[in-house]
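Make a model of the complete structure from these sequences and hints.
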Amino acid sequence: MASRLTGTRSVLGVSPTEPDCFRTINDAIAAARPGDVISVWPGVYQESVVIDREVTLSAAGEVRVEAAGAPVLQLTAEHAEVCGIAFAHRGGEAAVDVVAGSLRMDECALRADSEVAIVVRGGSDLRATDLELRNPGGAGVLAFDGARADLTTCTLTDIGGTAVVARTGGAPALVDCVVTDARGAVLVADRGRATVGNCRVERIGGTAIVAEERGELVATGTVLSEVDGAAVLCADGSRLVLRDCRVERVAAQAVVVVGDGAAELERVTVDGAAGHALHVVDTATADLVECVIIKAGHDSVVAAGTATVRLSGCAITSGAGAGVLAEGQADVRVSATRVVGARDTGMVARGAARLTVDGGEVRECATGVAWHDKAGGGITGCVVKDNRGDDVVMTTSEHVPVERPDTAPEPTPRPPEDTPDREGLDALLAELSGLVGLDGVKREVETLVRLHQMAERRAAAGLPSPPLSRHLVFAGSPGTGKTTVARLYGRILAALGVLRTGQLVEVARADLVASVIGGTALKTTERFQEALGGVLFIDEAYTLASGGAGPDFGREAIDTLVKLMEDHRDDVVVIVAGYTNDMRSFLAANPGLSSRFSRTIEFTDYSSAELVTIVEGLCRDHHYRLEFETRSALHAYFTDLPRDAAFGNGRTARKVFEEMIGRQAYRLADEDPVSEVSLTRLLPQDLGPLPGAAVGAGAGRVDAERVEQLLGTLRGLVGLDEVKTEVAAMVDLLASARRRQAAGLPVPSLGRHLIFAGPPGTGKTTVARLYGSLLAAMGVLAQGQVTEVSRADLVGEYVGHTARRTTEAFDRARGGVLFIDEAYTLSSGAGSGHDFGREAIDTLVKLMEDHRDEVVVIAAGYEREMAGFLAANPGLSSRFSHRVRFADYTPDELVTIVDQHASSAGYECTGATVAALRAHFVAAPRGDSFGNGRYARQVLDEAVTRHARRTRSLVAPTMDDLCVLLPADIPPPYSSASQARAAGSAAAPGIQPMSENVASKAPSV
2 MASRLTGTRS
12 VLGVSPTEPD
22 CFRTINDAIA
32 AARPGDVISV
42 WPGVYQESVV
52 IDREVTLSAA
62 GEVRVEAAGA
72 PVLQLTAEHA
82 EVCGIAFAHR
92 GGEAAVDVVA
102 GSLRMDECAL
112 RADSEVAIVV
122 RGGSDLRATD
132 LELRNPGGAG
142 VLAFDGARAD
152 LTTCTLTDIG
162 GTAVVARTGG
172 APALVDCVVT
182 DARGAVLVAD
192 RGRATVGNCR
202 VERIGGTAIV
212 AEERGELVAT
222 GTVLSEVDGA
232 AVLCADGSRL
242 VLRDCRVERV
252 AAQAVVVVGD
262 GAAELERVTV
272 DGAAGHALHV
282 VDTATADLVE
292 CVIIKAGHDS
302 VVAAGTATVR
312 LSGCAITSGA
322 GAGVLAEGQA
332 DVRVSATRVV
342 GARDTGMVAR
352 GAARLTVDGG
362 EVRECATGVA
372 WHDKAGGGIT
382 GCVVKDNRGD
392 DVVMTTSEHV
402 PVERPDTAPE
412 PTPRPPEDTP
422 DREGLDALLA
432 ELSGLVGLDG
442 VKREVETLVR
452 LHQMAERRAA
462 AGLPSPPLSR
472 HLVFAGSPGT
482 GKTTVARLYG
492 RILAALGVLR
502 TGQLVEVARA
512 DLVASVIGGT
522 ALKTTERFQE
532 ALGGVLFIDE
542 AYTLASGGAG
552 PDFGREAIDT
562 LVKLMEDHRD
572 DVVVIVAGYT
582 NDMRSFLAAN
592 PGLSSRFSRT
602 IEFTDYSSAE
612 LVTIVEGLCR
622 DHHYRLEFET
632 RSALHAYFTD
642 LPRDAAFGNG
652 RTARKVFEEM
662 IGRQAYRLAD
672 EDPVSEVSLT
682 RLLPQDLGPL
692 PGAAVGAGAG
702 RVDAERVEQL
712 LGTLRGLVGL
722 DEVKTEVAAM
732 VDLLASARRR
742 QAAGLPVPSL
752 GRHLIFAGPP
762 GTGKTTVARL
772 YGSLLAAMGV
782 LAQGQVTEVS
792 RADLVGEYVG
802 HTARRTTEAF
812 DRARGGVLFI
822 DEAYTLSSGA
832 GSGHDFGREA
842 IDTLVKLMED
852 HRDEVVVIAA
862 GYEREMAGFL
872 AANPGLSSRF
882 SHRVRFADYT
892 PDELVTIVDQ
902 HASSAGYECT
912 GATVAALRAH
922 FVAAPRGDSF
932 GNGRYARQVL
942 DEAVTRHARR
952 TRSLVAPTMD
962 DLCVLLPADI
972 PPPYSSASQA
982 RAAGSAAAPG
992 IQPMSENVAS
1002 KAPSV
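Numbered per the working numbering, the sequence shown spans residues 2 to 1006.
Don't read these hints as lab results, they were simulated from the structure.
Just to be clear, a hint being listed does not mean it is correct.
[Stated by the list, open to error] Simulated crosslink set (EDC-like; lysine to aspartate or glutamate; CA at most 20 Å straight-line):
#1 K725 to E864
#2 K375 to E399
#3 K375 to E362
#4 K564 to D622
#5 K847 to D794
Source: prediction; values computed, not measured.
Given below as structure tokens:
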């Protein structure tokens, strides 16, 4: 093929018809040298272009490249450029796949009908200018694992999913772009980062911009309009910055901040949001500077939960509700802000919220500024006038200072309190710092100490003290040091002069709850009196809220505690401790608890290295020492140790230490004499075996007899030949791995998660239970229980709910099998808004990685749909490396199922009846809804019904009359699934319908 030189670069031609040209683009790439230019003549090229060297593809007219399945364009080279080419793609995961290197696309067009139009993978980057992208079948651009995607003056339209997605550190940037007619505009998650500058986002079917899972998004000079969901959502520790942006014509809230998200809005205008202009809940924060909010369809700015909102120099006009609303325990601080024309109250605080107003103006509202319930805060220098009702309303039980403009009194100095014991405080803080791990706990306690110190300084300066909640919730697993930290905290508060004595009184339910009416209040009061001047520590406090039948004396203890905490609020600190989820139930048991326990400190599980450090400390205390090899073995032990319900963190470390010294004593018992060095050394052989709670080749004891019994049960199932072969092969692999481990050979990596693919009624649940029991009998799983879930058990109703429900279901399955029926429904979520099914998948992938040795996951469903499930997350296909196919039952197998279960129900099938059954199953239509074993159940139920109808008129029926099913009792083949269901619902009285599991358990004949 001819080429021409341009300087040192060759130009290669590609044309379907022209002479001296390559016929395909891939042929030209194969012949090109690095740096060459490939000029593509007009035409349509049916090929998947793979650029594996540094070249430039340039269109010499109207060029269209089409492909299906494999990407239409894939880059594996270090750098390439594509100019002026239109690409079309359908099917498959990605239309354009930037596997490695840097791809530049100028003035190109991409029309895809794929899961993702452009995928930019880790370490690679995409730079697109004037790109026109359409993909009604999925997402637009996906950048993950640190990949970059710079889009300038691009148009992304007709997008079936989210236009731009950043995950796992991906970093897309949009400048002067247009995103329109998409389900979502930008999603950043899992520490993804995105910037959006001077863009236009409109006609979005769900939430336009989402930042979650510690993502970060900065948008400047951007307009968002005609959004069907919320315009912007910030959640899960993410950071959102909006500067000089405009949000208009939004069908829901304009900006929502939840979880521990943080939003910063500067010079943002929100016009015509149907819901709140800003809604901040949970522990989230939001800062608004010089923002304008116009005609909100509800309360303009809402803060709830323990959220923090700060407004400075803002203007809020003509809202349908309140201008600013603080509720729950939220903290809202408003300075130099104007609220005009609110249909409800201009600014209002309810519950135990705080609303602090400094300067600004509130006028022409229904009511000016109001504090209700137990709300606190204050108002200084704010002009409140011309409102339709009262300017300032106070129904709160708290003191709220009101200082009109230019009349603020001089602060009255408070007399200094007792001087803290600085030397003792330093020693206590050093003791806290010396505890193993607990970095987050230490930081929280040090923050509380500094808050108390700052309150002292403010008091000395005559300033009001900030609100300080002394009572705490210690949430976390057992053995994480909660009691130790509580004891230290009491002594620290005593050193600060906050408490008189600082002693710790530790109690549990048994110490507070009596068995007779009135006794609980007496016991609770007595123990509370003991704690005055110090700390009352209630371990497993959630048990007080989980009373069973009869009088609930635990709740009586809670009610008594709430009153005592109010009566002695300055003379005691109450710390309640327990599991994180259970403590939520405790706080909900009494309305007064959540307001008094406003701060929760999370105690996380110890890491493997921290557990080794705890054991080393025990060794020092008891004059033992760990050899280097022992320390390494101990670290590996704690790494492999299952973190199940029996895991006790520090208590587990102590137990392991005690077992080690016991094994050392047994090892040295027969040695005589024993040196002093030997008495102090702990060796690797003193470390015991892991408990049988992990998925591994040698995790626990093998029950060979039980294994053979279960394999026999499996072999006895009707049909399922391929399934039996696959499961038996897995058992053989595990047995081989155990033998290799015993011989000191490396153990191959075994993927134990399975896909059960096939039609309904083929015994998938039954086989899953057998598989779990087999793994338990082989010592691979601790219990082998099967936890059955479906989409409804995993998917929540709001952001963050799905992850929690999925985690809870996964935790229930630890030590056994998690069986997800119809798993493909998680990847086929429809409608606008957040796809919580995909969130469940993402959570599952992470849990399967974090607990790979504790749970076996089996995902079940139709074969075709399960392929879509595996494609929903890049991590699924690698984790589900084995697929077990469940075939439809043959007519003979269905006859066997009916015959066996007819016998178990006391009926008998004659030879002619068996022939009639077989003819029925041969003639039965087999569509996608064919129920296999369930269909066999329906046939038997109908046959029994017809038999009852036939024998009803017999005056003196014989035993054969009552037991023998004749060919006339066999119904004709059902022509539809609805007819089959109707027949199945008419089972004769006294006949228990067979389930899928029962139907599949009939032994083969």
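Check your understanding: Quick check: which numbered hints come out false for this structure?
Key -> Checked against the structure, the hints that fail are numbers 3, 4, while the rest are satisfied.
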